[in-house]
Amino acid sequence: MTVAPDSATPARTPVPVPETSGSVAGHPEADAAPRAVQERASAPVVIDVRNLGVKYSLRFTKKTTLRQSMANLFRRDGGPTEFWALRNVDFKLVHGESLAVIGPNGAGKSTLLQVLAGIITPSEGDIDVRGAISSLLTLGAGFDQDLTGRENIWLAGAFMGVPHSEMARRIEPIISFADIGIFIDAPIKTYSSGMRARLGFSIATSVDPDILLLDEVLATGDEVFRAKSKQRVLDLVHAAKAIVLVTHDMNWVTEFCNRAMLLEKGHVIAEGAPADVVKLHVEHSREARARKAAEIAAIGGAPITR
Amino acid sequence: MTTPETAVESTREVAFRSSATRPGSVGLIRQGWAEIWSRRRLIGYLARADLKKKGADTLFGNLWWIIDPLLQMLVYVVLVDFIFQRSVPDYPLFIFCAILPWKWFTSSVYDAVTSVVGQERLIKQIHFPKLILPVASTTAAVANFVFGLIPLFALLLLFFRDRASWHVVFIPVIAVVQFAFTIAFCTLVASVNVFFRDIGNVVRHFMRLWFYLSPGLYSLAALDDQMKNNPLVAAAVQLNPWTWIFESYRNVIYSDLFPYWYQLGVVFLLSIVFFALSTLLFKRLEPSFAKVL
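First to last, the sequence lines map onto chains A and B. At position 250 of the first sequence (counting the first as 1) the number is 266 in the working numbering, and the numbers step up by one without a gap. At position 161 of the second sequence (counting the first as 1) the number is 814 in the working numbering, and the numbers step up by one without a gap.
Worth double-checking, as some hints may not be accurate.
[Unchecked claim] Here are some chain B residues pointing at chain A (derived, C-beta under 7 Å):
id, residue
1, SER671
2, TYR698
3, ALA702
4, ARG739
5, PRO742
6, ILE779
7, HIS780
[Unchecked claim] Covered by chain B, per the in silico footprint, the following chain A stretches (three or more residues, Cβ under 8 Å):
id, stretch
8, 105-113
9, 142-150
10, 174-185
11, 204-217
Just so you know, the hints here were simulated from the structure itself, not pulled from any lab data. We put the beta carbon where it would ideally sit given N, CA and C, even for glycine.
All chains should be built: construct the whole structure from the sequences, respecting the hints.
Below, the structure written as structure tokens:
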């Protein structure tokens with residue numbers, strides 16, 4: 017397996033996908049992982065990302081007032097005014113694949129999910145997504161505090177673009193899974209944080225998506241609900257035609273995914289079999305930790321020389 | 654764009670495309686207006702939720718929409734009738750013809766300013782057309798006007814019965830023109846406020862000035878001398894949409910006359926153009942909302 021020498025260069029080398037994925041055989045939950053990798057060439061493409069780049073303008077990020085932006089306009093003290101959260105990202109996901117996106121903090125993993133979910137529009141390149149997408153990025157976001165739980169379910173459905181008739185069918189299962197009793201007709205502001213999280217999870221997972229986007233959502237609610245929700249996510253993983261998962265938990269990568277992608281500083285560093293990519297990621301983060309430790313030692317010991 | 658309407662059970666054929674190359678100006682306007690139409694149910698939910706919240710947390714609830722314009726009328730009557738001694742016959746009704754539409758306009762604009770910024774968390778987590786946010790807040794504000802009609806008709810029937818005429822049937826027509834102008838203006842301020850959070854303050858003062866410069870507290874005839882002497886003033890008054898909206902309301906409610914049909918028609922057409930342009934601006938800025946918020 018070859019790897020781009022410098023994390024800053026956009027070049028990357030795809031790791032050949034082996035016949036069998038690197039999942040732990042015989043593990044009770046591992047059966048989700050070995051999807052038919054052999055079919056890759058012939059299977060229909062569900063996500064097609066071409067030369068994707070996402071740029072943030074630092075001039076306008078964070079709450080600006082007229083005065084500040086006037087000041088920014090006249091300030092020419094250099095410094096970067098833009099920042100590429102993702103650059104030159106290319107990949108295809110075919111039917112039946114589950115892709116894990118790993119990398120250090122700030123590598124652009126969450127930005128990638130947001131782009132796939134349509135929340136952020138690319139600054140360059142295009143993406144094509146074929147199939148209904150569901151992102152579990154939405155747990156309890158944007159609940160209206162003054163509306164009841166039931167009203168919020170309708171509102172969330174309308175925001176997600178679920179047709180009214182389908183929502184009418186889903187509402188009872190959502191309520192029963194969230195298990196918040198008579199509170200469903202009380203305003204959200206009277207809910208405990210656990211109830212709020214349960215309702216959010218229940219709404220977000222009520223869809224039967226073709227493509228599932230997951231961003232580490234399993235730490236929700238109490239012990240009982242966590243077990244229940246893990247089973248729900250597993251069901252979704254089984255049912256979905258394709259999955260993109262962002263996680264720091266390497267067990268998830270090797271258990272549930274048959275491909276992995278390593279992102280660093282917005283660039284794809286490696287892509288291929290989960291076991292290999294995880295190994296590389298572990299090496300890289302060990303190096304990064306060592307570098308940081310050395311830096312701290314230098315700062316602590318002698319005057320800073322950078 | 655995801656089109657949920659085409660969903661057929663679980664085997665749906667939804668294609669979604671997101672690209673750095675976006676449609677041209679006409680395409681963006683068409684896309685924006687199609688989004689408003691296809692998400693009309695969501696707009697309805699949001700508007701209803703908005704109304705429910707406004708009524709829920711005050712002592713008199715929605716009764717304020719009736720009391721508020723009456724109190725404001727009282728303030729102006731005291732100021733103009735008693736202090737300035739500028740007597741206009743039936744001044745309370747005269748001034749109410751301006752207060753009612755103006756209150757509707759200002760509440761629409763103030764709500765619209767925060768309509769996009771207020772949904773920050775949703776915008777960062779769900780993909781949906783953001784244009785529906787100012788449209789929903791503007792739609793909800795219509796209730797403000799509808800409730801205000803109650804004290805208007807009460808005034809007409811109880812105190813100014815001799816002024817009441819069948820011409821009031823034209824109120825909805827004038828209201829449609831006003832709505833077209835309002836929604837265009839609201840879409841504009843909602844998008845700009847994402848980038849400049851203090852636009853609300855600017856707008857507040859700008860609107861106060863706008864009200865005093867429009868023939869609301871006084872009649873258009875009161876401006877005759879100035880308009881004759883200064884062509885610039887004349888042009889400004891003629892171009893101000895509020896000149897014709899106020900005067901038309903006053904014609905049908907106070908003066909037993911027809912609205913200014915021709916001028917209202919022009920205001921309506923220009924408002925549609927204005928809405929197209931503010932939709933375009935909104936759609937151009939929309940991709941950066943999730944990043945800036």
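Cross-check of the supplied hints:
no. : hint    : result
1   : SER671  : 5 Å, holds
2   : TYR698  : 5 Å, holds
3   : ALA702  : 6 Å, holds
4   : ARG739  : 38 Å, violated
5   : PRO742  : 45 Å, violated
6   : ILE779  : 5 Å, holds
7   : HIS780  : 3 Å, holds
8   : 105-113 : violated (count 0)
9   : 142-150 : holds (count 8)
10  : 174-185 : holds (count 8)
11  : 204-217 : violated (count 0)
The structure shown violates the earlier hints numbered 4, 5, 8, 11.
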